[in-house]
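Chains as they are written, first to last, in our numbering: chain X, 1 to 362; chain Z, 1 to 173.
In short, the hints are calculated from the structure, not lab data.
Among the clues, some could well be false.
Short derived list, chain Z residues pointing at chain X, Cβ under 8 Å [claimed, not checked]:
(1) R74
(2) P122
(3) F129
(4) F131
Just so it is clear, CB atoms sit at the ideal spot from N, CA and C, and this is done for glycine as well.
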Amino acid sequence: MGTHEFMKQPVSDWMKAEGPDSDIVISTRVRLARNITGAPFPMLCTNFQALDVFEKVEHAVSLPKLQELGPFEWVALNDLDPLEKKALVEKHLISPNFASEARYGAVFLSANESISVMVNEEDHLRIQCLSSGFQLSETFQKASCIDDAIDSKLEYAFDEKCGYLTSCPTNVGTGMRASVMMHLPALVLMKQINHMVHAVTQVGLAVRGIYGEGSEALGNLFQISNQITLGQSEEEIIEHLYQVASQLIDHERQARERMLQANNPRTIDRIFRSLGILSHAYIIDSKEALQRLSDVRLGVDMGYISGLSSGVLKELMVLTQPGFLQVEAGSALSPEERDMHRAQMIRQRLDQANRESTGKQD
Amino acid sequence: MVCQDCGKRPSTLHFTKIVNGEKSEYHLCEACAREKGDVIPGTPNGFSIHNLLSGLMDFESVTKGASKAPQQLRCDTCGLTYLQFSKLGRFGCADCYTNFRHKLEPLLKRIHGNTSHNGKIPRRIGGEFRFKREINRLKLLMMQAIDQEEFERAAQIRDQVRAIESQWKREMS
Ligand SMILES: [Zn+2]
Ligand SMILES: [Zn+2]
Chain X
1 MGTHEFMKQP VSDWMKAEGP DSDIVISTRV RLARNITGAP FPMLCTNFQA
51 LDVFEKVEHA VSLPKLQELG PFEWVALNDL DPLEKKALVE KHLISPNFAS
101 EARYGAVFLS ANESISVMVN EEDHLRIQCL SSGFQLSETF QKASCIDDAI
151 DSKLEYAFDE KCGYLTSCPT NVGTGMRASV MMHLPALVLM KQINHMVHAV
201 TQVGLAVRGI YGEGSEALGN LFQISNQITL GQSEEEIIEH LYQVASQLID
251 HERQARERML QANNPRTIDR IFRSLGILSH AYIIDSKEAL QRLSDVRLGV
301 DMGYISGLSS GVLKELMVLT QPGFLQVEAG SALSPEERDM HRAQMIRQRL
351 DQANRESTGK QD
Chain Z
1 MVCQDCGKRP STLHFTKIVN GEKSEYHLCE ACAREKGDVI PGTPNGFSIH
51 NLLSGLMDFE SVTKGASKAP QQLRCDTCGL TYLQFSKLGR FGCADCYTNF
101 RHKLEPLLKR IHGNTSHNGK IPRRIGGEFR FKREINRLKL LMMQAIDQEE
151 FERAAQIRDQ VRAIESQWKR EMS
């Protein structure tokens, strides 16, 4: 353990960049599901066939065409310990089911972790590209480019009528799921979010909370994605999602503007109270941490809090997840130890950011 | 090792089957082996897990009467039945899309509001398919034009179709 690049840094490099509209859109993701001809989908693959797929893909991605796109690492899941798998899940680089259930699973990972290709997940291939901020077209172009490179070496399962064939019929056609992760605290505070979510689901898109079960959105983080994959071109899907997300951005900005004008002492109290708790708490669970980080982030974006970059907060949102804490601590922790460790790390990071910013002002 | 079918329960049945020189290993839990009945993926005929298991446990009595529908729709390639698909929500292989085709149309319509792909095409079939799709699209436009009695436009589109068809022939030869 500890030799993999992805274990060295808790936050992916791609995430550190400030993308467009990053005050509201945290990240953009595009995923393409692909299968190759000649083997059943992973659910019905024999171990022998799963290994064959694993080897074919490993060979395909080792060819110059992909290596030109930058340094990559081929990671066989069997070689990872549970903590390493958990770190990949929390970085959104692999799915939880994949981590626990894949046979001959592998992930082909770019050095900055913006590109990951899962092998033998629900489909033979899941090509995923991530970008910071609101970058739908760019992210799709990148995914499509990886797709073309693999397509030049492997034969995809494709049907003229149904498009790219996938294990689940909800993915067939383009095999594409595009999504944006949005931080919408003002819409939540102004109690407009349910109305917005309803409107979005009426136009063929899906909304779900990023962390937490069901519809409960921890940290006011929402993921908006396309539901339809058949009948529309990739460009049409991207454009539609772009239009709807743009409207959500506008609504969130307007809600923030109204909050600023109202200058409600309760709002301001809430923001600084959260900052106070994060700066001084000795024990904090991940649920509370996410909610407090959301408040503070809103405070920074609205200009109430200065001298604290939203990058630090973004980092803390990832860092405070259970798997990372354990990776950082180097061992499995009990829930109470985790909550203490989390609080300590948040205190340290905020303190450090604070000292850096006052240092700059001198 | 976990069961290769459900991926959850531990596998207790391990066996190897050789078909046309290709060796396949199976690791299944009892529940999945039972549910599969005589359907083992990748073995279209001649192999029955019933026979294999009936000596080990009272297998026949478990499955008797449960699902003995003889004309059940099944994918010949991977062995998945339509019933299994509707329980799992997952297809077993690419050929399921062909083998379950007429059941599929209403399902896809319900999920996507549409039944035909309109996006990216793999490189290997790109050329020919692209021509076909463009011609179909133009023919549809031509019919519309005729319906609206815009015969001049229809004639223009017809010429376009011919041009594409001859280009297609040139490229394919
Ligand atoms: Zn099982
Ligand atoms: Zn099949």
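Honestly, which of those hints from before does the structure not fit?
Hint check: 1 and 4 fail, others pass.
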